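Asker: Here are the chains, one letter per residue:
There are 2 protein chains.
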Amino acid sequence: MKFLIFAFFGGVHLLSLCSGKAIYKNGISKRTFEEIKEEIASYGDVAKAIINLAVYGKAQNRSYERLALLVDTVGPRLSGSKNLEKAIQIMYQNLQQDELENVHLEPGRIPHWERGEESAVMLEPRIHKIAILGLGSSIGTPPEGITAEVLVVTSFDELQRRASEARGKIVVYNQPYINYSRTVQYRTQGAVEAAKVGALASLIRSVASFSIYSPHTGIQEYQDGVPRIPTACITVEDAEMMSRMASRGIRIVIQLKMGAKTYPDTDSFNTVAEITGSKYPEQVVLVSGHLDSWDVGQGAMDDGGGAFISWEALSLIKDLGLRPKRTLRLVLWTAEEQGGVGAFQYYQLHKVNISNYSLVMESDTGTFLPTGLQFTGSEKARAVMEEVMSLLQPLNVTQVLSHGEGTDINFWIKAGVPGASLLDDLYKYFFFHHSHGDTMTVMDPKQMNVAAAVWAVVSYVVADMEEMLPRS
Amino acid sequence: MKFLIFAFFGGVHLLSLCSGKAIYKNGISKRTFEEIKEEIASYGDVAKAIINLAVYGKAQNRSYERLALLVDTVGPRLSGSKNLEKAIQIMYQNLQQDELENVHLEPGRIPHWERGEESAVMLEPRIHKIAILGLGSSIGTPPEGITAEVLVVTSFDELQRRASEARGKIVVYNQPYINYSRTVQYRTQGAVEAAKVGALASLIRSVASFSIYSPHTGIQEYQDGVPRIPTACITVEDAEMMSRMASRGIRIVIQLKMGAKTYPDTDSFNTVAEITGSKYPEQVVLVSGHLDSWDVGQGAMDDGGGAFISWEALSLIKDLGLRPKRTLRLVLWTAEEQGGVGAFQYYQLHKVNISNYSLVMESDTGTFLPTGLQFTGSEKARAVMEEVMSLLQPLNVTQVLSHGEGTDINFWIKAGVPGASLLDDLYKYFFFHHSHGDTMTVMDPKQMNVAAAVWAVVSYVVADMEEMLPRS
Ligand SMILES: [Zn+2]
Ligand SMILES: [Zn+2]
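Just so you know, the sequences run in chain order W and R. If you read the first sequence in this note's numbering, its first letter stands for residue 391, the second for the next number, and so on. If you read the second sequence in this note's numbering, its first letter stands for residue 391, the second for the next number, and so on.
The set of hints was computed from the structure by calculation and includes no laboratory data. This one's a predicted model, so the numbers in the text were calculated from it and none came from an experiment. Every residue, glycine too, gets a C-beta built ideally from N, C-alpha and C. Check each hint, because a few of them may be wrong.
Said to hold, decoys possible - Quick list of in silico lysine-lysine cross-link-like pairs, BS3-like style, CA-CA up to 27 angstroms:
1) W:K741 with W:K669
2) W:K472 with R:K438
3) R:K472 with W:K519
4) R:K476 with W:K519
5) W:K669 with W:K651
6) W:K519 with R:K519
7) W:K818 with R:K519
8) W:K647 with R:K647
9) W:K669 with W:K715
10) W:K519 with R:K708
11) W:K519 with R:K818
12) W:K519 with R:K647
13) W:K818 with R:K818
14) R:K669 with R:K708
15) W:K476 with W:K715
16) W:K647 with R:K438
17) R:K438 with R:K669
Claimed, not checked - Examples of chain W residues toward chain R, derived with CB under 7 angstroms:
18) S604
19) V626
20) R634
21) S637
22) T829
Please build the complete structure, drawing on both the sequences and the hints.
Answerer: Quick look at the structure:
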């Protein structure tokens, strides 16, 4: 099937109706979808070999064990920290020892924020230690802390309605958890909105779907022209308790102390390794996860798992003696949690070659039991991806949903490169996300085996097919 | 059906086969089971009235709201603490304001232990703050702490096999969670077993079925003749991490500081209120939960819920203008968590009247969605309880399982008094048990409504039936 060129009109349903009959024309393309299906089907044995090695063979539990060793040794890996630096050094050595190719570090500058010592104590109506986690980029308090009465609101709307009550107070947000993307607005914008109405600090109910008195951190964003006030997350439990107290007319006073401080940006690196393509080495399928994490827990789930199934994908392919036609590139991003900082610098540097990127992949929503992929790309590309995923029938991981995305690959996706993210069981993801509970205890070696097999099959087949994925 | 006396031979199956036909004889008894069934069935309207009031009517969410107010106001209520004293005073007022009868406090002496400041830091192989909760009755460390190498074991058996390695170390137990009653042995006996082989301290994996980096406290027991060493629980996550490190041959060093101290016993009270019986006031059906808790979280689940559905049972009965023939007695125990201390003193004082106790009830394993009762008593009594529970068909809460029990009522049960405990959905109970997560957030008002209705129907009907529950 060499040198046949892709041709599609319309979506997948049309394609399957017509498969094998018509020859579609699109410029120079004259390949039928049936031919592409045949090409993909020819990878059936390779897919089975990858699955056998990853899930049942010698490589089983390897990504879990490798991850456990790294995160137990280093701990969490905050942007700008010594831990992250150490993790990058270890991963550089790991990838070299794994005999991957073109192992190198791509430098960049990343934020350096530290939470320092922090505490919150409810002084009225009774003494109660409040568990907090300062939010990334927050300023600290004066050393003596901020002691102020609390205004509890359940929404930005309520804050607006009660704006006149907020001046000089600590605003506590007890917003309900709807879903991450909606509710996280309170974490990112809570301080700005509270500052606009004169608050001295804001405490935000953790963005979590379940809690055992667990605070969850994450980035927050100041806005030019709005005073910067200290901001931290509190537990669901304390937010609800203060909300009940306030509804009873009880006056609440909190003393908040935060030693948070932003230092000058520091040097860091995206960590890169490859299996160089045999035929089109300049063309790339990129698999990735981020190596940085928040500074609590172990960053095992977010995103150790995604980083390590990405490494594992290359290891599996190498172990099987495979070399795809296109280059398979592993990137372990730095400073994702600060807004895809490392990935943005990578994009700026490499976007000149954007036409050579066939597919960008990122796993950054857990490596729990996968059911398929989320994918963004043309209908033509989606139809190809669905065929590729049919190779994972033995693992029953064949779904191709919409909205492939990831903070680190969105730069490419927005510029038109097809993008895929791992679709897995998110049920417990926001139990642990950005909390002390993001540790190896969350991770399941068998689930990681399956996720790694999916990641390896998809990346290898797309990298080895005669043609790049079609764009819109 | 007045003055008919109970008579049973054999178990419930025989009884139902024979119901309404034979007259069994047992001394002076000459009542058929059919007659008892009829008597119980005659409470159908009362049961419906209780259910309507508790679940659908004016009283709905009352036990939840009352509990929230208490635990938000007072916080956790450790044996010997000012908080517990305050809670008892508030409850005394609450029960009087609720116009219950014979509201009084029965004095006793209870343990007074305080955890003080405590911390653990892993110094090798890397600095890591370890979340701990000292265990009740533990001694503290010297002010400079105990700094020692760690020996990780997964069982008492392994500790025995490796006894020669334990001297001078901190023993870390990473026992798997089997179930509470089996696994809790590590919490209660871990320090003693570690001390026997020369350890300086013990750190025990929290007895929890699920964790978000949550330490769980609880009582532990020293043994005469064995050195007393400081002991605390750690999280599942840290126990597993140290176990992985140890299996890699990594040396682990921890600095443990505990300010725990035991003070002289203090005065406390079991809190009592009644609806006095109209016909046999000296006879008693006792409903109960414990008012004390551990010193973390709010003690909302353990055992605020049990205490407050017990109060609610009396409130519901009073609200409906009902007065059973026998006295319905509410007891809110003190110092349950220290081993049923208040309940033991109550038993010592009142056991002289044991023949007047028809049924002792305690709810102390959560007030989640109930499915019935656990019951200990004669087969005759069980058959009666099954009929009583059929009155709860409208709520689909009709099960009568074996093993009715509770730390506070076991004194009576062992002495032959029929005992019942609430059977509810335990799925999440050990997520929160004795942790910072035991707060109102765990509680569900609708589930408490149902639990209170069950508690009220059972206690009222058993208190109002013509005869006491039969004993063995
Ligand atoms: Zn992430
Ligand atoms: Zn309890």
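Asker: Next step is simple, just say for each hint if it's right about the structure.
Answerer: Verification of the supplied hints:
At most 27 angstroms may separate the alpha-carbon atoms for a hinted pair to count; W:K741 and W:K669 meet this at roughly 21 angstroms. At most 27 angstroms may separate the alpha-carbon atoms for a hinted pair to count; W:K472 and R:K438 exceed this at roughly 66 angstroms. Under the criterion of a C-alpha separation no larger than 27 angstroms, the hint pairing R:K472 with W:K519 is consistent with the structure, at around 17 angstroms. The hinted pair formed by R:K476 and W:K519 meets the criterion: a straight-line CA distance of about 19 angstroms does not exceed 27 angstroms.
Of the pairs offered as hints, the one joining W:K669 and W:K651 is violated, with about 50 angstroms between alpha carbons and a cut-off of 27 angstroms exceeded. As the CA atoms of W:K519 and R:K519 are separated by approximately 18 angstroms, the hinted pair is consistent with the 27 angstroms bound. Taken as a hint, the W:K818 and R:K519 pair is honoured in the structure, with Cα atoms around 25 angstroms apart against an allowance of 27 angstroms. Under the criterion of a C-alpha separation no larger than 27 angstroms, the hint pairing W:K647 with R:K647 is consistent with the structure, at around 23 angstroms.
Proposed proximity of W:K669 and W:K715 is supported: the alpha carbons are some 5 angstroms apart, at most 27 angstroms. Restraint check: the Cα-Cα separation between W:K519 and R:K708 comes to about 39 angstroms, which exceeds 27 angstroms; the hinted pair is violated. A distance of roughly 25 angstroms separates the Cα atoms of W:K519 and R:K818; the hinted pair therefore holds under the 27 angstroms criterion. Distance check on the hinted pair: W:K519 and R:K647 sit about 19 angstroms apart at the alpha-carbon level, within 27 angstroms; holds.
Simply put, W:K818 and R:K818 have alpha-carbon atoms about 14 angstroms apart, close enough for the 27 angstroms limit, and the pair holds. With a C-alpha separation of about 16 angstroms, the suggested pair R:K669 and R:K708 falls inside the 27 angstroms cut-off, and the hint holds. Among the hinted pairs, W:K476 with W:K715 is inconsistent with the structure: their alpha-carbon atoms are about 34 angstroms apart, more than 27 angstroms. With a C-alpha separation of about 54 angstroms, the suggested pair W:K647 and R:K438 falls outside the 27 angstroms cut-off, and the hint is violated.
Distance restraint check for R:K438 and R:K669: the Cα-Cα separation of roughly 24 angstroms lies within the 27 angstroms cut-off, and the hinted pair is therefore satisfied. A least Cβ separation of about 4 angstroms between W:S604 and chain R falls short of the 7 angstroms threshold, and the interface hint therefore holds. Hint on W:V626 holds. Least Cβ distance to chain R is approximately 6 angstroms, under the 7 angstroms limit. With a least beta-carbon distance of about 6 angstroms to chain R, the hint placing W:R634 at the interface is held under the 7 angstroms criterion.
The criterion of a C-beta within 7 angstroms of any C-beta in chain R is not met by W:S637, whose closest approach is roughly 10 angstroms, and the hint is violated. At its closest, the beta carbon of W:T829 sits 4 angstroms from a beta carbon of chain R; the interface hint therefore holds under the 7 angstroms criterion.
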